[in-house]
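Engineer: In case you want the letters, here they are:
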Amino acid sequence: NAGVTQTPKFQVLKTGQSMTLQCAQDMNHEYMSWYRQDPGMGLRLIHYSVGAGITDQGEVPNGYNVSRSTTEDFPLRLLSAAPSQTSVYFCASTDQYNEQFFGPGTRLTVL
Amino acid sequence: AQSVTQPDIHITVSEGASLELRCNYSYGATPYLFWYVQSPGQGLQLLLKYFSGDTLVQGIKGFEAEFKRSQSSFNLRKPSVHWSDAAEYFCAVGAFPGTYKYIFGTGTRLKVLA
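For the protein sequence lines, the chains are A and B, in the order given. First residue of the first sequence? That's 1 in my numbering, and the numbers climb one at a time after it. First residue of the second sequence? That's 1001 in my numbering, and the numbers climb one at a time after it.
These are calculated hints, taken from the structure and not from any lab test. Be aware that one or more of the hints could be misleading.
To be verified - Derived CB-CB ranges, DEER-like:
1) B:Gly1062 x A:Asp95: 21 to 27 Å
2) A:Thr86 x B:Ser1014: 20 to 26 Å
3) A:Asn65 x B:Gln1002: 22 to 28 Å
What the hints assert, rightly or not - Stretch-level coverage of chain B by chain A, calculated; a stretch enters the list once three of its residues show a Cβ under 8 Å from a Cβ in chain A:
4) 1043–1050
5) 1104–1112
Ideal Cβ placement from N, Cα and C applies to all residues, glycine included.
Taking the hints into account, I'd like the entire structure generated from these sequences.
Structural biologist: What follows is the structure, given as structure tokens:
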């Protein structure tokens, strides 16, 4: 099993550009989530999904969209990037024992 | 509202010394508690978790944690620290069943002196 994979690992955007951060898991987990990690702030939940076709907002959803068309994939979209979205983004999936498995992260810089 | 507090931003210990990282939580029901470790440039790895039962839980890499309901604490301990333990440690509380939401503390960065 590859576990949770994220692409790209690094990305630089200009203000106003759009992009999609990809996340995939091969463990057949229903629950997936996106976090951002900023220095001194820990991990903050952006959006989460409890299954295909079902998504909900987390703590800091503004500026981000998600969709969940399959169990495996949970992409995160930035429609118009802003410098405040410079961060490290982690995708995670959760098993039936409530253990979260994290991807390696995407380091995003918005200029 | 649920919250997790890790009062120590940085901790420095000598190799071979004992370690205790503090975690306090605020949650209305019996919490699901976790400790994760993050090495530089890496994702998060689960060290241990507490759902119910024995309040002293053992994890990987020689770590243990004790759940103390009366103090709303879930402190992480290791009797003898190794240089490879230098990393950032996050405590988290799971706001489930129902929502599967995790709330993370702000982390404690551990430095190990040779």
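Engineer: Now tell me, hint by hint, if it's right for this structure.
Structural biologist: Results for each hint:
no., hint, result
1, B:Gly1062 x A:Asp95: 21 to 27 Å, "holds, 24 Å"
2, A:Thr86 x B:Ser1014: 20 to 26 Å, "violated, 36 Å"
3, A:Asn65 x B:Gln1002: 22 to 28 Å, "holds, 25 Å"
4, 1043–1050, "holds (count 5)"
5, 1104–1112, "holds (count 4)"
Going down the numbered hints, you'll see the structure goes against just number 2.
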